[in-house]
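Undergrad: These protein sequence lines are chains A and B, in that order. Each residue of the first sequence is one higher than the last, beginning at 90 in the numbering used here. Each residue of the second sequence is one higher than the last, beginning at 182 in the numbering used here.
Don't take every hint at face value.
Said to hold, decoys possible - Each pair of labels, with its calculated beta carbon distance range:
1) B/Leu-506 / A/Gly-105: 23 to 31 Å
2) B/Gln-349 / A/Gly-104: 19 to 27 Å
3) A/Ala-313 / B/Val-425: 53 to 61 Å
4) A/Gly-105 / B/Glu-427: 25 to 33 Å
5) A/Glu-200 / B/Ala-388: 35 to 43 Å
6) A/Arg-102 / B/Phe-486: 51 to 59 Å
7) B/Arg-198 / A/Thr-107: 21 to 29 Å
8) A/Gln-214 / B/Met-390: 41 to 49 Å
The set of hints was computed from the structure by calculation and includes no laboratory data. These numbers come from a predicted model, not from an experiment. Don't be surprised by glycine CBs; every beta carbon is placed ideally from N, CA and C.
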Amino acid sequence: MSGPWGVRGLSVRYGGRTALVDVSFEVAPRSVAAVVGGDGAGKTSLLRALAGTVQPTAGTVSRPDDRPIGYVSAGSGVWEDLTADENLDFAGRAYGLGAGRLRSRKAALLERTELAAAHDRLAGQLSGGMRQKLALAMALLHEPELLVLDEPTTGVDPVSRVELWRLVAGAAAGGAAVALATTYLDEAERAATVLVLDQGRALLTGTPDEVLAAVPGRVLEAPARPGGIPAWRRGARWRAWSPDGSPLPGATEVAPDLEDAVVVAQLARELGRAA
Amino acid sequence: MWAMAMKELRQMRRDRRTLALMIVQPVVLLVVFGYAASFDVDRVRTVVVGPQAHAVAGQLPERLEVVETRADLGRQDAVEALRDGEAAVGVVTGAAGQQAQVLVDGADLFSARSVVSELRGRPELPDPEVLFNPDLKTSTIMVPGLMGVVLVFVGTIATALGVVRERQSGTLEQLAVMPFRPRDVLLGKLLPYLGVAAVDLAVIVAAGMLLFDVPFVGSPAVFALGALLFLFVTVGAGLLISSVSETQGQAIQLAFLTMLPQILLSGLIFPLQAMAAGVRWIGYLLPLTYFVQLARGVMVKGTPFEALLLPLGMLAVLGLTVLGLSIARFRRDLAPAAPRRHGAAEGAEEAVDAARTRAGAG
């Protein structure tokens, strides 16, 4: 089998707490699929179910069975009292790589992650960005068909974020299906498909263009907070949502981005509930 | 200051395990150990052998509780009964008019001391002959038992901390995704601890013999077998503790909670015979009880394998129980998701179609 992989009608409960309700998500080979949401939205539960470390309460999960997946958990999951080299050696042996292949893959990944100079440093002594790159290198070592990354860029400096994205994009270009959770909407815009979670339920799903095209009404921009209409701050200016598309004096219509789409979807859901 | 105290109280209330340890544990410990904390042995198991066995058995002091009277057996049989732990005192009678010999098991220190003190205070009774630990040295019987305590420390605490550290740092989840079978992870995780504990044991035995003149008269192979079984129990207990602990602090608390009863109720310090029956039965459920019997038996008395089947069997049963429970709990961490079925990808395609339809993508 070669994908696509994903979950269908997934629900996850921990004891009495519901983490996910009827969520579906697909990740195709050679692409990055992003799961977006705030804290507690259910991103980690979704990725854990996809990786097989959480038992779904309902729904089906599809992942490769002919080759192990690559997984980076929230918090990296590297062994901090092993060096970068030792971490990679352990992962290589765990995935059954032969000595020759392990040596060549390790050298290539240390080069690509720019960790070659730090190969003999303890993982616990690496910076946050370097540690995440090491975790990603471990997950890529065996060239998995499916790569599951739980917030690999959270808490990482902007330069390291760019480098991590370069590695993620490289893995997708190499044929992997990449499922990635992030709290950064600008990152999600680079993904082929996006799933926005809110309180354990799917709020939006599709390609970034599809999500933006589906924004109802109009998104407006104004220099000051407009009255009588839902509005939110964006930098020094204000964005507002006109559900019926009617204009607002002093405000101009703008093309919504993913952040606007998420805010509008949440507002629309609240309006629907109020009605 | 009050703000700080309120914050601490709130945190304490939410950490219910610590709160229970602080409030319930002292009460339980006081009650249990109150009944256990006694060095006074009132009844000492005694065998009486030799031609006058039946006549002498009825004249012995009340403290000597006769458990077997055999006129057809002799001194060697009495020595073996003491060696194998069947009795702590052996009375060997001779022909009519001849004074009986009293043999005392010096490895059963408190029984021996009470008997020696009683007999030496009564000139009409013979002077006892103390076997195995003739000088009634405390170190001779404490050191073999303390080896068990050290192994509990190494086996239980080190294993529990090692596994909890994996969980806390998120690497246990990483192991669950790697293509390991749960038993590979479990055995791979336990073997180094077993190895270190085995080295530890060898060092402690050597130190006990060199520094405290503790004898080693029995079979090293029987001792090694008992120690190995005991290590499985202690390492399994560590694994079990790790499976119910979220943090290393909780693991240490629980490990100490299992260690204290072992130290106080195993017969290591207070003799089991001196404990109230209910408390003594708690001792019979603890692995250190059997290791203490085994270590003292093999090292000090040269007790053979056949006579140690009970402690060896109990250690095996406890080891299987504790390891079985811990493996069952460990599997939940390492293989939580049911095996995926082939053909599930078709289901995923349908899922994606549904998702696309909802997003208006078609």
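Undergrad: State for each hint whether it applies.
TA: Verification of the supplied hints:
no.: 1; hint: B/Leu-506 / A/Gly-105: 23 to 31 Å; verdict: 25 Å, holds
no.: 2; hint: B/Gln-349 / A/Gly-104: 19 to 27 Å; verdict: 20 Å, holds
no.: 3; hint: A/Ala-313 / B/Val-425: 53 to 61 Å; verdict: 57 Å, holds
no.: 4; hint: A/Gly-105 / B/Glu-427: 25 to 33 Å; verdict: 18 Å, violated
no.: 5; hint: A/Glu-200 / B/Ala-388: 35 to 43 Å; verdict: 51 Å, violated
no.: 6; hint: A/Arg-102 / B/Phe-486: 51 to 59 Å; verdict: 53 Å, holds
no.: 7; hint: B/Arg-198 / A/Thr-107: 21 to 29 Å; verdict: 26 Å, holds
no.: 8; hint: A/Gln-214 / B/Met-390: 41 to 49 Å; verdict: 43 Å, holds
Going down the numbered hints, you'll see the structure goes against 4 and 5, while the others check out.
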